[in-house]
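Heads up: the sequence lines are chains A and B, in that order. The first sequence begins at 9 in our numbering and counts up one residue at a time. The second sequence begins at 3 in our numbering and counts up one residue at a time.
What the hints contain is simulated information worked out from the structure, not anything from laboratory work. No incorrect hints appear here.
Capping the alpha-carbon separation at 27 Å, the derived lysine-lysine pairs in DSS-like fashion look like this:
id, chain 1, residue 1, chain 2, residue 2
1, A, 448, B, 156
2, A, 380, B, 162
3, A, 380, B, 110
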Amino acid sequence: MISSQLPALQVVLPLAAAPLCILFHNRTFAWLLMVFVSLASFGISCALFNQVLAENAITYAMGGWVAPWGIEYYIDKLTTYMLLIVNGIAVLVSLGARESVENEISSDRIYLFYTAFLLNLTGLLGVIITGDAFNLFVFIEIASLSSYAIISLGKDKRCLYAAFRYLVYGTVGASFILISVGLLYVVTGTLNIADLSQQLVNAENTATITTAFVFFVIGIAIKAAIFPMHLWLPDAYTYSPSIVSTFLAGTTTKVFIYVLIRFIYSLYGYEFSFFHESFDNLLMIAACGAILYGSYRAIKQDSLKRLLAYSSIAQIGYMILGIALITELGLAASLIHIFNHAFIKVGLFLAVTAIIYSYGTDSIERLAGMAKTSPFTFVLFLISGLSIIGVPLTSGFISKWYLIKASLEAGYWGLIVIIVFSSVLAIIYIGRVIETAYFKPEATNTASFNNKKMPHLLFLSLFIFCFINIYLGIETSLNVDMAFQIAHELINK
Amino acid sequence: MNSQLLIISALLLPIIGVIFIALTQKNINLRETCTLITSVALIYIVYSLLPAVLNGVHPELYLFNITSSLAIHFKVEPLGMLFACIASFLWLINSIYSIGYMRSNKYKHQTRFYIYFALAIASTIGIAFSANLFTLFIFYEFLTLSTYPLVTHKGTDEVKRAGRIYLGILLATSICLFLPAIIWTHYLTGTIEFTRGGVFNGDYQPIVIISLLLMFTYGIGKAAVMPVHRWLPSAMVAPTPVSALLHAVAVVKAGVFSVVKIIIYIFSPTFLSDIIDVNVLLYLAGATILIASVIALRSDNLKRRLAYSTISQLSYVILATALLVPISIMGAVLHILAHAFGKITLFFAAGAIYTATKKTEVSQLDGIGRCMPWTMAAFAIGSLSMIGIPPTAGFLSKWFILQGALDIQSWFAVTVIVISTLLNTAYFLPIVYVAFFRNSNTKNVCTYNEAPFPIVLAVSITALMTVILFFFPEVPLQLVKLLIGEGL
Numbered sequence: 009m010i011s012s013q014l015p016a017l018q019v020v021l022p023l024a025a026a027p028l029c030i031l032f033h034n035r036t037f038a039w040l041l042m043v044f045v046s047l048a049s050f051g052i053s054c055a056l057f058n059q060v061l062a063e064n065a066i067t068y069a070m071g072g073w074v075a076p077w078g079i080e081y082y083i084d085k086l087t088t089y090m091l092l093i094v095n096g097i098a099v100l101v102s103l104g105a106r107e108s109v110e111n112e113i114s115s116d117r118i119y120l121f122y123t124a125f126l127l128n129l130t131g132l133l134g135v136i137i138t139g140d141a142f143n144l145f146v147f148i149e150i151a152s153l154s155s156y157a158i159i160s161l162g163k164d165k166r167c168l169y170a171a172f173r174y175l176v177y178g179t180v181g182a183s184f185i186l187i188s189v190g191l192l193y194v195v196t197g198t199l200n201i202a203d204l205s206q207q208l209v210n211a212e213n214t215a216t217i218t219t220a221f222v223f224f225v226i227g228i229a230i231k232a233a234i235f236p237m238h239l240w241l242p243d244a245y246t247y248s249p250s251i252v253s254t255f256l257a258g259t260t261t262k263v264f265i266y267v268l269i270r271f272i273y274s275l276y277g278y279e280f281s282f283f284h285e286s287f288d289n290l291l292m293i294a295a296c297g298a299i300l301y302g303s304y305r306a307i308k309q310d311s312l313k314r315l316l317a318y319s320s321i322a323q324i325g326y327m328i329l330g331i332a333l334i335t336e337l338g339l340a341a342s343l344i345h346i347f348n349h350a351f352i353k354v355g356l357f358l359a360v361t362a363i364i365y366s367y368g369t370d371s372i373e374r375l376a377g378m379a380k381t382s383p384f385t386f387v388l389f390l391i392s393g394l395s396i397i398g399v400p401l402t403s404g405f406i407s408k409w410y411l412i413k414a415s416l417e418a419g420y421w422g423l424i425v426i427i428v429f430s431s432v433l434a435i436i437y438i439g440r441v442i443e444t445a446y447f448k449p450e451a452t453n454t455a456s457f458n459n460k461k462m463p464h465l466l467f468l469s470l471f472i473f474c475f476i477n478i479y480l481g482i483e484t485s486l487n488v489d490m491a492f493q494i495a496h497e498l499i500n501k
Numbered sequence: 003m004n005s006q007l008l009i010i011s012a013l014l015l016p017i018i019g020v021i022f023i024a025l026t027q028k029n030i031n032l033r034e035t036c037t038l039i040t041s042v043a044l045i046y047i048v049y050s051l052l053p054a055v056l057n058g059v060h061p062e063l064y065l066f067n068i069t070s071s072l073a074i075h076f077k078v079e080p081l082g083m084l085f086a087c088i089a090s091f092l093w094l095i096n097s098i099y100s101i102g103y104m105r106s107n108k109y110k111h112q113t114r115f116y117i118y119f120a121l122a123i124a125s126t127i128g129i130a131f132s133a134n135l136f137t138l139f140i141f142y143e144f145l146t147l148s149t150y151p152l153v154t155h156k157g158t159d160e161v162k163r164a165g166r167i168y169l170g171i172l173l174a175t176s177i178c179l180f181l182p183a184i185i186w187t188h189y190l191t192g193t194i195e196f197t198r199g200g201v202f203n204g205d206y207q208p209i210v211i212i213s214l215l216l217m218f219t220y221g222i223g224k225a226a227v228m229p230v231h232r233w234l235p236s237a238m239v240a241p242t243p244v245s246a247l248l249h250a251v252a253v254v255k256a257g258v259f260s261v262v263k264i265i266i267y268i269f270s271p272t273f274l275s276d277i278i279d280v281n282v283l284l285y286l287a288g289a290t291i292l293i294a295s296v297i298a299l300r301s302d303n304l305k306r307r308l309a310y311s312t313i314s315q316l317s318y319v320i321l322a323t324a325l326l327v328p329i330s331i332m333g334a335v336l337h338i339l340a341h342a343f344g345k346i347t348l349f350f351a352a353g354a355i356y357t358a359t360k361k362t363e364v365s366q367l368d369g370i371g372r373c374m375p376w377t378m379a380a381f382a383i384g385s386l387s388m389i390g391i392p393p394t395a396g397f398l399s400k401w402f403i404l405q406g407a408l409d410i411q412s413w414f415a416v417t418v419i420v421i422s423t424l425l426n427t428a429y430f431l432p433i434v435y436v437a438f439f440r441n442s443n444t445k446n447v448c449t450y451n452e453a454p455f456p457i458v459l460a461v462s463i464t465a466l467m468t469v470i471l472f473f474f475p476e477v478p479l480q481l482v483k484l485l486i487g488e489g490l
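Let's have the full structure, built from the sequences with the hints guiding it.
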């Protein structure tokens with residue numbers, strides 16, 4: 009039965025498609041394949057979603073080797089929630105990618121770009137779906153290595169430095185994760201996450217387990233760019249090809265936060281995680297630091313991509329904040345924000361992709377008065393921008409509503425001040441872009457811009473993102489109800 | 003038409019008007035006709051809702067649910083009805099005035115002006131009819147954003163700077179205080195619907211309630227309680243029709259309206275008076291009244307004087323509501339009405355003076371009453387209403403407020419009202435006096451005449467209404483009594 013093989017297909021499909029791009033060596037084919045595979049992959053995740061709704065959780069023994077010896081894929085609501093985000097973004101981003109990729113990556117490397125892109129998707133999906141700690145590490149590395157590659161494909165030479173820097177940080181993070189997995193194996197003799205969590209309950213609370221936990225959290229914090237371990241992120245997002253920044257901003261960091269949630273709640277159990285070494289306080293400090301630092305730095309940037317990168321750092325802070333509250337509502341708020349922010353930030357980055365495609369620059373100063381020449385791009389940027397500020401009737405408002413409510417419930421007054429203050433900062437950094445584009449007089453040297461029209465597919469994809477941003481702000485049953493169910497299950501496990 | 007249809011069309015009509023204004027921008031007479039027709043139609047629709055409300059029915063409209071507790075929901079209760087009536091009626095008069103003002107002062111981008119004006123009115127109606135805090139908040143923000151292009155209409159650097167203050171203060175207060183207060187209320191009570199008798203029942207610590215009350219009052223920056231009043235004088239850089247309708251009526255009244263509505267339907271006055279010993283709000287409002295009056299007295303610029311007078315009059319409404327007795331709340335609501343007509347008359351007159359003579363300072367107005375008798379007569383009536391002298395609407399509201407203050411023997415409120423009445427007299431009557439009785443030059447020759455006809459027409463109508471409301475206050479009184487009957 010094909011439906012019972014879906015968990016494997018979810019990963020195998022993009023993995024198998026990647027070499028095809030090299031075999032055919034044709035950029036149009038590679039793009040079509042990318043779109044097709046991501047669509048199919050999205051279809052698979054929808055089917056899995058339906059299965060999970062019916063059966064609660066699916067386990068899949070890879071190659072028929074039963075857990076804990078074989079590699080097991082474990083799919084519950086949280087898994088499908090993340091699969092839907094990543095696949096949904098992959099479909100929409102690849103749909104609009106073609107012209108921008110041809111514009112920003114030299115044409116003899118485009119097929120390689122799609123190869124690496126597919127591998128990156130494989131890695132991310134694998135990280136989400138796997139139920140095995142070592143396999144998790146393997147997929148993390150697939151995702152990371154392929155992302156170093158696609159970041160370095162940009163025409164701007166600085167992307168090489170950015171990719172290298174990301175590589176150094178990422179490798180350190182990966183080694184920490186590997187060390188942690190190794191330590192856990194030493195103590196328990198198993199790598200299966202479900203099995204590990206059983207063993208850990210029975211195991212004595214030794215320093216080894218705690219050390220493993222610390223190593224793991226630090227490793228993930230680097231990968232997920234949690235402040236103050238975010239240093240690779242701004243450069244990587246700024247200098248990589250726009251489509252790459254778009255895809256990474258929507259998926260990578262969120263997937264690693266998902267891994268963090270999995271480890272805290274499914275593997276260690278949240279009693280261990282939080283009531284042990286005042287871990288929640290550390291997380292909370294990191295989160296608040298991220299929110300304030302990210303928003304503050306975003307104000308100062310001239311490059312739009314860099315601005316959005318810093319804004320991402322702040323938004324990651326929100327997600328961590330929800331987790332650090334250790335309440336059901338907080339966790340749900342965090343999950344809601346993971347979902348909403350993925351679509352908001354990709355919408356923003358895609359708008360910037362369109363801007364770079366049209367004008368060849370993402371410098372805010374040089375965009376003066378450009379809203380007249382490309383009205384659609386800026387309207388769509390504005391909609392996503394309002395969403396990131398958290399204006400009512402956009403999805404960003406829903407995230408903030410639950411985050412503030414969760415902070416209130418947990419009794420943290422200061423957090424509300426921080427959330428609100430950073431919203432004001434968001435008004436400033438988004439407002440600056442809008443003011444320049446709409447109200448500043450047009451620069452005289454516009455003739456030097458190549459000024460191409462936005463491709464139709466890019467527009468379509470951008471439009472869908474903005475539609476989703478508003479839709480999720482008005483009709484929330486899709487993600488909010490799901491997030492609450494997941495949070496309930498994770499906490500009361 | 004059934005009432006749901008009426009509510010939705012009241013909200014959509016100005017937006018449909020916007021489309022027609024945009025379509026007819028080539029032909030300015032046609033464009034202005036669109037504005038006028040839209041405003042007449044809006045009056046018709048809003049006033050069609052009136053009989054039902056007077057019969058004690060509250061027409062409702064559910065648009066959609068966002069989450070189980072967040073909904074876009076409209077409900078027309080007496081207070082909102084009154085506010086919508088004021089706003090829609092004055093929009094028509096103000097449109098007539100705008101046509102005269104914008105044309106004779108040769109403003110650019112007039113289409114944009116009318117478009118954003120209509121949007122601002124749509125937001126105001128949304129605020130008036132909102133049935134929960136969330137809906138109110140959305141339209142409150144819409145109103146801020148739609149008035150920003152009107153404030154910065156001239157587009158010069160100085161105007162943009164003022165516009166930033168305007169936008170900055172209003173947005174920052176609403177996001178930093180208003181929104182958290184809404185979420186806190188929701189967290190404490192589980193609901194943010196405007197409910198008869200308030201949503202708070204049970205034991206709450208007074209400190210929690212007082213903080214919430216203050217967060218609401220300051221979060222609603224449009225109510226201009228000091229120290230969040232700075233945006234209002236800044237907004238005076240706008241063309242006069244904007245200052246007149248928006249910064250004497252729609253925007254600022256939306257602020258005090260929201261505060262009153264929250265005190266009545268979220269807290270409920272009885273609950274508040276049970277739980278709070280020291281009424282902070284009363285003192286804050288009292289201080290604002292006095293300080294703003296003193297600043298008004300010292301301002302030579304006419305519009306600035308009117309702006310500070312507005313700040314002080316807005317706090318009358320807050321002060322009266324903060325007394326928490328039915329009779330003073332009646333006064334508060336009537337004051338929203340009375341001040342709307344009085345202050346718009348004064349702004350209209352200031353704009354008329356500017357249009358006819360380009361004079362903006364109080365000290366330049368010697369003898370102007372002889373050359374512009376209609377305008378200055380209207381100004382005199384407006385001033386009387388501000389001071390509270392019969393036969394003007396201002397007398398009625400002040401009467402109720404004072405009665406409320408005496409009833410509960412709040413000597414602080416009484417003193418504030420008396421002193422501020424003296425201050426009002428001191429900064430308005432001299433203008434009227436010099437305009438009519440002092441000669442600017444030895445020759446009795448007028449170098450200028452009345453402003454264009456639409457301007458004079460508009461200013462006369464509002465002045466007349468100020469007097470009419472004194473003699474025939476039945477409908478507003480009935481609405482207010484309904485409000486008192488159900489809310490307390």
